[in-house]
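With the hints as your guide, set chain B onto chain A.
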Amino acid sequence: MTVQLTHFSAAFVFALFASIVFGITHRETTRDMVRYGLYCFAMFLGGILVAGWAMWLVRR
Amino acid sequence: MANPTIAKTKMAEPAQPASMMSVIAPAVGWLIPGAGHIIQKRWIRGLLLLVSIGTLFVLGLMMQGHIYKANGGDILDILGFIGDLGAGGLYITTLTMNWGQGAIAFAIADYGTKFMIVAGLLNFIAVADAYHIAIGKKQ
Numbered sequence: 275m276t277v278q279l280t281h282f283s284a285a286f287v288f289a290l291f292a293s294i295v296f297g298i299t300h301r302e303t304t305r306d307m308v309r310y311g312l313y314c315f316a317m318f319l320g321g322i323l324v325a326g327w328a329m330w331l332v333r334r
Numbered sequence: 262m263a264n265p266t267i268a269k270t271k272m273a274e275p276a277q278p279a280s281m282m283s284v285i286a287p288a289v290g291w292l293i294p295g296a297g298h299i300i301q302k303r304w305i306r307g308l309l310l311l312v313s314i315g316t317l318f319v320l321g322l323m324m325q326g327h328i329y330k331a332n333g334g335d336i337l338d339i340l341g342f343i344g345d346l347g348a349g350g351l352y353i354t355t356l357t358m359n360w361g362q363g364a365i366a367f368a369i370a371d372y373g374t375k376f377m378i379v380a381g382l383l384n385f386i387a388v389a390d391a392y393h394i395a396i397g398k399k400q
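Going line by line, the protein sequences match chains A and B. Reminder that position 8 of the first sequence reads as 282 in my numbering, one-by-one numbering, no gaps. Reminder that position 3 of the second sequence reads as 264 in my numbering, one-by-one numbering, no gaps.
No wet-lab data here; the hints were simulated from the structure. If you're wondering where the values come from, they're calculated on a predicted model, not measured in any experiment. There may be inaccurate statements among the hints.
What the hints assert, rightly or not - If we take Cβ atoms under 10 Å as the criterion, some of the chain A residues that face chain B in the derived model are:
{"no.": "1", "residue": "Thr276"}
{"no.": "2", "residue": "Phe296"}
{"no.": "3", "residue": "Thr303"}
{"no.": "4", "residue": "Leu319"}
Claimed, not checked - No farther apart than 25 Å at their CA atoms in a straight line, the calculated lysine to any residue pairs in the SDA-like style are these:
{"no.": "5", "chain 1": "B", "residue 1": "Lys330", "chain 2": "B", "residue 2": "Trp304"}
{"no.": "6", "chain 1": "B", "residue 1": "Lys398", "chain 2": "A", "residue 2": "Ala328"}
{"no.": "7", "chain 1": "B", "residue 1": "Lys375", "chain 2": "A", "residue 2": "His281"}
{"no.": "8", "chain 1": "B", "residue 1": "Lys399", "chain 2": "A", "residue 2": "Phe315"}
{"no.": "9", "chain 1": "B", "residue 1": "Lys330", "chain 2": "B", "residue 2": "Phe385"}
{"no.": "10", "chain 1": "B", "residue 1": "Lys399", "chain 2": "A", "residue 2": "Thr304"}
{"no.": "11", "chain 1": "B", "residue 1": "Lys375", "chain 2": "A", "residue 2": "Thr304"}
{"no.": "12", "chain 1": "B", "residue 1": "Lys375", "chain 2": "A", "residue 2": "Met317"}
{"no.": "13", "chain 1": "B", "residue 1": "Lys375", "chain 2": "A", "residue 2": "Phe318"}
{"no.": "14", "chain 1": "B", "residue 1": "Lys375", "chain 2": "A", "residue 2": "Trp327"}
{"no.": "15", "chain 1": "B", "residue 1": "Lys375", "chain 2": "B", "residue 2": "Gln301"}
{"no.": "16", "chain 1": "B", "residue 1": "Lys398", "chain 2": "A", "residue 2": "Tyr310"}
Stated by the list, open to error - Taking CB as the label site, the calculated pair distances span:
{"no.": "17", "chain 1": "A", "residue 1": "Gly320", "chain 2": "B", "residue 2": "Ile396", "range": "15 to 23 Å"}
{"no.": "18", "chain 1": "B", "residue 1": "Phe367", "chain 2": "A", "residue 2": "Glu302", "range": "37 to 45 Å"}
{"no.": "19", "chain 1": "A", "residue 1": "Arg301", "chain 2": "B", "residue 2": "Ala288", "range": "33 to 41 Å"}
{"no.": "20", "chain 1": "B", "residue 1": "Asn332", "chain 2": "A", "residue 2": "Val308", "range": "35 to 43 Å"}
{"no.": "21", "chain 1": "B", "residue 1": "Lys398", "chain 2": "A", "residue 2": "Met275", "range": "18 to 26 Å"}
{"no.": "22", "chain 1": "A", "residue 1": "Arg309", "chain 2": "B", "residue 2": "Phe367", "range": "31 to 39 Å"}
{"no.": "23", "chain 1": "B", "residue 1": "Ile285", "chain 2": "A", "residue 2": "Ile322", "range": "33 to 41 Å"}
{"no.": "24", "chain 1": "A", "residue 1": "Ser283", "chain 2": "B", "residue 2": "Met281", "range": "39 to 47 Å"}
{"no.": "25", "chain 1": "A", "residue 1": "Leu319", "chain 2": "B", "residue 2": "Gly397", "range": "33 to 41 Å"}
{"no.": "26", "chain 1": "B", "residue 1": "Phe367", "chain 2": "A", "residue 2": "Trp330", "range": "21 to 29 Å"}
Glycine included, every Cβ here is placed at the ideal spot set by N, Cα and C.
Bound-form chain A, shown alone:
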């Protein structure tokens, strides 16, 4: 069985699960874990979008 993800969905899945692990392992309290996980997720996806648009601009 194979899975064909698009580039963005692969990046989304990666960001989601990596952020969960970062949140759990890098903070002490539940509240801080959730906040840090959301922060990591936003940074992952934000970085992807910024890099994507930067490459689009460079290509033009």
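Here is chain B on its own, set in the frame of chain A:
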């Protein structure tokens, strides 16, 4: 009045005796991602780690990712092996079943390879976290 120099000097804390859990939790956590937390009654954290690391690894396999074996060749292959090794039981099962042996023929397969390496590296972090919980450094 307390001498500030003495007050600032921290007394060395007595070393905590190494408990059995500080050995078992990291070992079990490496073998089964999240299990190091689960055996210390951190149920939700353990399950989230299991689902996150397990899904990343399995998705990597389903994307036709390549699994690295022990090798003494290219430095990137060695680093890939170290990353994959972190997944513990998932890695051992994959090698035993002879999965993940295809050539990386397209971009998504390369992503899959990276998914499995990152799953292993994330499990190393989870193992360290389980150890910190076992020695009382973290709640």
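Each hint, compared with the structure:
no.: 1; hint: Thr276; result: holds, 6 Å
no.: 2; hint: Phe296; result: holds, 8 Å
no.: 3; hint: Thr303; result: holds, 8 Å
no.: 4; hint: Leu319; result: violated, 16 Å
no.: 5; hint: B/Lys330 - B/Trp304; result: violated, 32 Å
no.: 6; hint: B/Lys398 - A/Ala328; result: violated, 42 Å
no.: 7; hint: B/Lys375 - A/His281; result: holds, 13 Å
no.: 8; hint: B/Lys399 - A/Phe315; result: holds, 23 Å
no.: 9; hint: B/Lys330 - B/Phe385; result: holds, 18 Å
no.: 10; hint: B/Lys399 - A/Thr304; result: holds, 12 Å
no.: 11; hint: B/Lys375 - A/Thr304; result: violated, 29 Å
no.: 12; hint: B/Lys375 - A/Met317; result: holds, 19 Å
no.: 13; hint: B/Lys375 - A/Phe318; result: holds, 16 Å
no.: 14; hint: B/Lys375 - A/Trp327; result: holds, 23 Å
no.: 15; hint: B/Lys375 - B/Gln301; result: violated, 30 Å
no.: 16; hint: B/Lys398 - A/Tyr310; result: holds, 19 Å
no.: 17; hint: A/Gly320 - B/Ile396: 15 to 23 Å; result: violated, 36 Å
no.: 18; hint: B/Phe367 - A/Glu302: 37 to 45 Å; result: holds, 42 Å
no.: 19; hint: A/Arg301 - B/Ala288: 33 to 41 Å; result: violated, 24 Å
no.: 20; hint: B/Asn332 - A/Val308: 35 to 43 Å; result: holds, 40 Å
no.: 21; hint: B/Lys398 - A/Met275: 18 to 26 Å; result: violated, 41 Å
no.: 22; hint: A/Arg309 - B/Phe367: 31 to 39 Å; result: holds, 38 Å
no.: 23; hint: B/Ile285 - A/Ile322: 33 to 41 Å; result: holds, 39 Å
no.: 24; hint: A/Ser283 - B/Met281: 39 to 47 Å; result: holds, 43 Å
no.: 25; hint: A/Leu319 - B/Gly397: 33 to 41 Å; result: holds, 36 Å
no.: 26; hint: B/Phe367 - A/Trp330: 21 to 29 Å; result: holds, 22 Å
Checked against the numbered hints above, the structure violates hints 4, 5, 6, 11, 15, 17, 19 and 21; every other hint is satisfied.
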